[in-house]
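From first to last, the protein sequence lines stand for chains F and B.
Using the numbering used here, count along the first sequence one by one with no gaps and you end on 280.
Using the numbering used here, count along the second sequence one by one with no gaps and you end on 280.
Please keep in mind that the hints were generated in silico from the structure rather than gathered at the bench.
It is possible that part of the hints are untrue.
Said to hold, decoys possible - Calculated pairs, PhoX-like style, for lysine-lysine (alpha carbon to alpha carbon, straight line, at most 25 Å):
no.	chain 1	residue 1	chain 2	residue 2
1	B	Lys197	F	Lys125
2	F	Lys232	F	Lys125
3	F	Lys232	F	Lys29
4	F	Lys197	B	Lys125
5	B	Lys232	B	Lys29
6	B	Lys197	B	Lys276
What the hints assert, rightly or not - From the structure, some residues in chain F lie toward chain B, with a derived Cβ separation under 8 Å:
no.	residue
7	Ser127
8	Gly155
9	His162
10	Thr163
11	Ala188
12	Ile199
13	Gly206
14	Pro249
Here a beta-carbon is modelled for each residue, glycine too, at the ideal position from N, C-alpha and C.
There are 2 protein chains.
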Amino acid sequence: MEASQQARQIGFIGLGIMGRSMAGHLLAAGHTLHVYNRTRTKADDLVARGAHWCETPGDVAAVSDIVITMVGYPADVEQVYLGAGGLLDRARSGTMFVDMTTSSPSLAVRIAEAARVKGCASLDAPVSGGDIGARDAKLSIMVGGDQAAFDTAEPVLRHMGTSIVLQGGPGTGQHTKMCNQIVIASTIVGVTEGLAYARRAGLHPETVLKSIGGGAASGFQLNVLGPRIIQGDFAPGFFIEHFLKDLGIALGEAAQMGLELPGLSLARRLYEQMAARGLERDGTQALLKLYEA
Amino acid sequence: MEASQQARQIGFIGLGIMGRSMAGHLLAAGHTLHVYNRTRTKADDLVARGAHWCETPGDVAAVSDIVITMVGYPADVEQVYLGAGGLLDRARSGTMFVDMTTSSPSLAVRIAEAARVKGCASLDAPVSGGDIGARDAKLSIMVGGDQAAFDTAEPVLRHMGTSIVLQGGPGTGQHTKMCNQIVIASTIVGVTEGLAYARRAGLHPETVLKSIGGGAASGFQLNVLGPRIIQGDFAPGFFIEHFLKDLGIALGEAAQMGLELPGLSLARRLYEQMAARGLERDGTQALLKLYEA
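Use the sequences and the hints to build the structure in full.
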């Protein structure tokens, strides 16, 4: 721990693959950790390393200065924060909440308002970088909330990410994550269609990548996921079912803003077809299967 | 000129912005250049530097060992190669033809067959990299044809590009270029939709790029064209009218292969709307206008 930082009482709720890695970094940095997860066994490793188990989210709030949440769906976020006996029910005045779940911008605004009423601060702070970014503490963290809350939370977030950017007021972290997912949605469609065309035309996709991987088509989706598509490696870097959740949030928000996004709508229709075939636990790059069926 | 290369009689047909740059590199390398262009004035600069003007494409073929073409549309390619008094009508046996126009893979196969009948060799060799790539001799050149023809042409192509890859037999250079355009088509839709959402949500798009420009959404379209979109700089790096030509070729070929590409179809519909508004001379990144109308 750096001299400029004090050890804090930090709560962490949501110990999936990413949450466990992120919580582990906070523990390693010397903070006292209070944890809760729906499935208790996922906390075993952290508890063995010194984290304190709590029986409910509310119990976490009661003993923490900062509570970080990394749960599944917006409905889970709403339940944990706003449900009876939830975080805001039990929070002491002055507690800071940081929701790192990818969730609805509108819900983030509601939570921020509810927190303010209780004398608490809140940030929405979704991440990109996936399992590996979480494990290596190299996440990109997109933050919405006020500057003072950001300044307080930033040293803690620093243990989990390398790019930590305040985007604006409540909800803007989630909106920024939606921008990220919207760009990816149509890009993966383009990469998939380009490689499906290459195969159908009888080209050698690896050789095609040699020609097109350095120019105007280049990018993470083509250069990192492209080779996996070519090799038929459809193991999840990012699950289709989680991508579908994000695309649904983005389309809902866009509809509220009166913004039509036909590329995003198309991507969702295609991934819904993947889910209908039972492929929702494949990685997003498995979309190729739809074009080769 | 390197010691291993001999000065050649090279024909060059099609002296648009890119063609002029490319022909200039061949002249600078010490080759003898025979040029033709529909609008003669576009040859003035090259002729002043020593290139020989020819009155017809056929005249170019009659005096050249290698003829390079860089014209507009597939119909132009067909006319120049297969029309009466065109290249193959006038070619001597043993002449090599290299079509660097982005054109139809099927037409490339037809030209290769017609060239073979005449005792000539041909390559399809479209490029990516745009005006700047042509000017700086840093094009990516995607080549279709046989290995012996490729080996003969490669030292000449080397004066114009840095990535020169033989993709396979006749037509595979064009097919590879189509892969490139197919990937770009949906990617630019995604980038545009992500940034349109950012603006509508009241985010600062520059700050959004700070968060999302280094991760899974990153790439040439987001990182190079994104800032131009944000600044409202819609000057053409690549004209919408040329992009529409390429998307039409790709969709036609895909239809022949029985391959549905819904992302590509959507991109074409959106760019056709741009053209219908008289915006076909904007750069591809101007698609944002459709979302803010």
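Give me the numbers of the hints this structure contradicts, sorted from smallest to largest.
none
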